[in-house]
Amino acid sequence: MKITEKFDRGEFVVTAEVGPPKGIHIEHVLEEAKEYLSNITAVNVTDNQSSVMRLGSLAVCKALKDEGLNPIFQMTCRDRNRMALESDLLSAGMFGIDNILCLTGDHTKLGDHPGAKPVFDLDSVSLLHTVKCLEEGHDLAGNELVGEPPKFAKGAVVSPCSDSIDAQLAKMERKVMAGADYFQTQAVFEPEKFIAFMEKAKQFGKPVQLGIIIPKNVGMCKYMNANVAGVHVPDEMLDELRADKEKTKAGITGVEIAARIIKACKPYCQGVHIMAMGWESKVPSLLEQAGL
Amino acid sequence: MLITQLKDRETLDSLAAGKVFIVNCHGCKEVRFPEEEAKALQKEWLEADKVTGILTTDYICNPENMKLRLERRRAMIDEADAVIVFSCGVGVQTVSEYLEGKKVYAGCDTYPLPGYQGVTPLDVDCDQCGECYLNLTGGICPITACSKSLVNGQCGGAKNGHCEVDPNMECGWERIQRRLTQVGRLDALKCPVQVRNFATDLDLKQE
Ligand code: SF4
Ligand code: SF4
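Protein chains in written order, with the numbering used here: chain A, 9 to 300; chain B, 302 to 508.
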């Protein structure tokens, strides 16, 4: 089911994401998804996340769909040229996978195959445009498709706490122009920045899902502060995580923080997207505490 | 070897909507420049009273030399709404870097030919992509200044203004955004979706 149907009905849309393993055994991923994520609208499947080679996103999307979940097929432009991307989009369409998230993707140098050729034949904007072309019944080169074309809910990402807000807004506008139907954001730890961003982003009239990472510990937050673009965990939150080590280890502090961020931002957005990073089991209690 | 070709007439006329100052580079022996076509076009523009001045020279990618020559023509440059440079991508970027705050446009596209490239002693670079983007990016080359050669704007990886691939390098799109703001050309970011054409065959490119 296209997640845009829910946005259109004015529902607050909850999605979460799972990462395919580095191998062919996905029983564990499927178990967890079924147990903790079956009540939410859709589940994103990452595409060689952080430029680390893993099992394919499309294959895991299909497996999730077979289990009755609603997958969102993430696609980056790092590993495939336009022909491979178009072909995979058709494959997704054939499987009835109708939610897509288009990303440019991290550079190969950041991952576990630093010597690989970075492709970037397309980027997030031209990939959205490509999906639109296929929906219109022709490929990017203008050749006609045979039969009824596929239809997708086309997602894109934006980084609301980035230090280059103007560049991010400009890019968001280009994505809307290229056909983006909805947005998921980079992880937010500073609700005031998110709210200020949404004041400007609402002009585009597209639903935006607040990005949430449950903070696991101080080390993880410091790492993100130093290395992850557009993510900044403020000092007060670091102190909070430091205060009671046992509580933090059990995930209680992280869930409290994340629930607070969701509550503060909820009036300004149309949904939330949870990047659990191994803490899928905490998602139900997070949603409960956030009143969702 | 490089080969430069004039952009199509419609594009060129749109760049010369107001008054223009023209820079021609008759270059280095590594670059083939469309001298005759450029001359004919500029003659028409002169007759239409669009031109505040023309500087025809060689090696415009030599910044010291160029600085002096542009300085001497400051009044003509100030009088123009834009500066159009007929050269390879490196030449356009050199002029653009020097004339900060001025709209500087590329009049040519730059293609590669087999053989040696011109030697440029500069921190700007041109990859001869064959469809010069400088007019959409404030004279900063997105192909060489961005680690992913993105042509539709910044990726999500810039941290504190630096590139995700190399923290010692300023994000190319951060520079482009700043430059477009400075010259009042932010509207360039609203151009249609750009899809690169990697065909190296000149005929295929021009389809
Ligand atoms: S965009 Fe860059 S690589 Fe392409 S022709 Fe212009 S200067 Fe050269
Ligand atoms: S951070 Fe900037 S320069 Fe680096 S790849 Fe992204 S857009 Fe290009």
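Hints were generated in silico from the structure; no laboratory data involved.
Built from N, CA and C at the ideal position, the CB exists for glycine as well.
There could be a bad hint or two in this list.
[What the hints assert, rightly or not] Label-pair ranges, simulated between beta-carbon atoms:
1. A:Asn89 - B:Glu471: 24 to 34 Å
2. A:Arg268 - B:Pro413: 35 to 45 Å
3. B:Thr482 - A:Pro275: 29 to 39 Å
4. A:Ala272 - B:Thr482: 26 to 36 Å
5. A:Gly155 - B:Leu487: 26 to 36 Å
6. A:Asn89 - B:His463: 38 to 48 Å
[As the list claims (entries may be wrong)] Using 27 Å as the maximum straight-line C-alpha spacing, the simulated DSSO-like pairs for lysine-lysine come out as follows:
7. B:Lys351 - B:Lys340
8. A:Lys208 - B:Lys460
9. A:Lys274 - A:Lys214
10. A:Lys201 - B:Lys340
11. B:Lys491 - A:Lys140
12. B:Lys351 - A:Lys230
13. A:Lys125 - B:Lys460
14. A:Lys73 - A:Lys140
15. A:Lys224 - B:Lys460
16. B:Lys340 - B:Lys368
17. B:Lys368 - B:Lys403
18. B:Lys320 - A:Lys210
19. B:Lys491 - A:Lys208
20. B:Lys320 - B:Lys368
21. B:Lys320 - A:Lys159
22. A:Lys210 - B:Lys460
23. A:Lys70 - A:Lys201
24. B:Lys344 - A:Lys214
25. A:Lys159 - A:Lys140
26. B:Lys368 - B:Lys344
27. B:Lys460 - A:Lys201
28. A:Lys290 - A:Lys253
29. A:Lys274 - A:Lys14
30. A:Lys214 - A:Lys30
31. A:Lys255 - A:Lys290
32. B:Lys491 - A:Lys117
33. B:Lys403 - A:Lys214
34. A:Lys230 - A:Lys10
Status of each hint after checking the structure:
1. A:Asn89 - B:Glu471: 24 to 34 Å: Holds, since Asn89 (chain A) and Glu471 (chain B) (Cβ atoms, about 28 Å apart) stay within the stated range.
2. A:Arg268 - B:Pro413: 35 to 45 Å: Given range 35 to 45 Å: violated, Cβ gap about 56 Å.
3. B:Thr482 - A:Pro275: 29 to 39 Å: With Cβ atoms ~32 Å apart, the hint holds.
4. A:Ala272 - B:Thr482: 26 to 36 Å: holds (31 Å)
5. A:Gly155 - B:Leu487: 26 to 36 Å: The hint (26 to 36 Å, Cβ to Cβ) is violated, given that Gly155 (chain A) and Leu487 (chain B) are roughly 42 Å apart.
6. A:Asn89 - B:His463: 38 to 48 Å: violated (28 Å)
7. B:Lys351 - B:Lys340: holds (14 Å)
8. A:Lys208 - B:Lys460: holds (21 Å)
9. A:Lys274 - A:Lys214: holds (15 Å)
10. A:Lys201 - B:Lys340: violated (54 Å)
11. B:Lys491 - A:Lys140: Between Lys491 (chain B) and Lys140 (chain A) the Cα gap is close to 18 Å, so the pair holds against 27 Å.
12. B:Lys351 - A:Lys230: violated (58 Å)
13. A:Lys125 - B:Lys460: holds (23 Å)
14. A:Lys73 - A:Lys140: Holds - the C-alpha atoms of Lys140 (chain A) and Lys73 (chain A) are around 23 Å apart, at most 27 Å.
15. A:Lys224 - B:Lys460: Holds: Lys224 (chain A) and Lys460 (chain B) sit about 22 Å apart, inside 27 Å.
16. B:Lys340 - B:Lys368: holds (24 Å)
17. B:Lys368 - B:Lys403: With Cα atoms ~14 Å apart, Lys368 (chain B) and Lys403 (chain B) stay inside 27 Å; holds.
18. B:Lys320 - A:Lys210: violated (39 Å)
19. B:Lys491 - A:Lys208: holds (17 Å)
20. B:Lys320 - B:Lys368: holds (21 Å)
21. B:Lys320 - A:Lys159: violated (48 Å)
22. A:Lys210 - B:Lys460: Holds: Lys210 (chain A) and Lys460 (chain B) sit about 24 Å apart, inside 27 Å.
23. A:Lys70 - A:Lys201: Not OK: Lys70 (chain A) and Lys201 (chain A) at ~37 Å, beyond 27 Å, violated.
24. B:Lys344 - A:Lys214: Violated. Lys344 (chain B) to Lys214 (chain A) sits at ~49 Å, over the 27 Å cutoff.
25. A:Lys159 - A:Lys140: holds (9 Å)
26. B:Lys368 - B:Lys344: Holds, at about 26 Å.
27. B:Lys460 - A:Lys201: With Cα atoms ~16 Å apart, Lys460 (chain B) and Lys201 (chain A) stay inside 27 Å; holds.
28. A:Lys290 - A:Lys253: holds (17 Å)
29. A:Lys274 - A:Lys14: holds (16 Å)
30. A:Lys214 - A:Lys30: Measuring from Cα to Cα gives roughly 35 Å; hence the hint is violated.
31. A:Lys255 - A:Lys290: Within the cut-off at roughly 14 Å; holds.
32. B:Lys491 - A:Lys117: violated (30 Å)
33. B:Lys403 - A:Lys214: Status violated; Cα separation ~35 Å.
34. A:Lys230 - A:Lys10: violated (36 Å)
Violated hints for the displayed structure, listed by number in ascending order: 2, 5, 6, 10, 12, 18, 21, 23, 24, 30, 32, 33 and 34.
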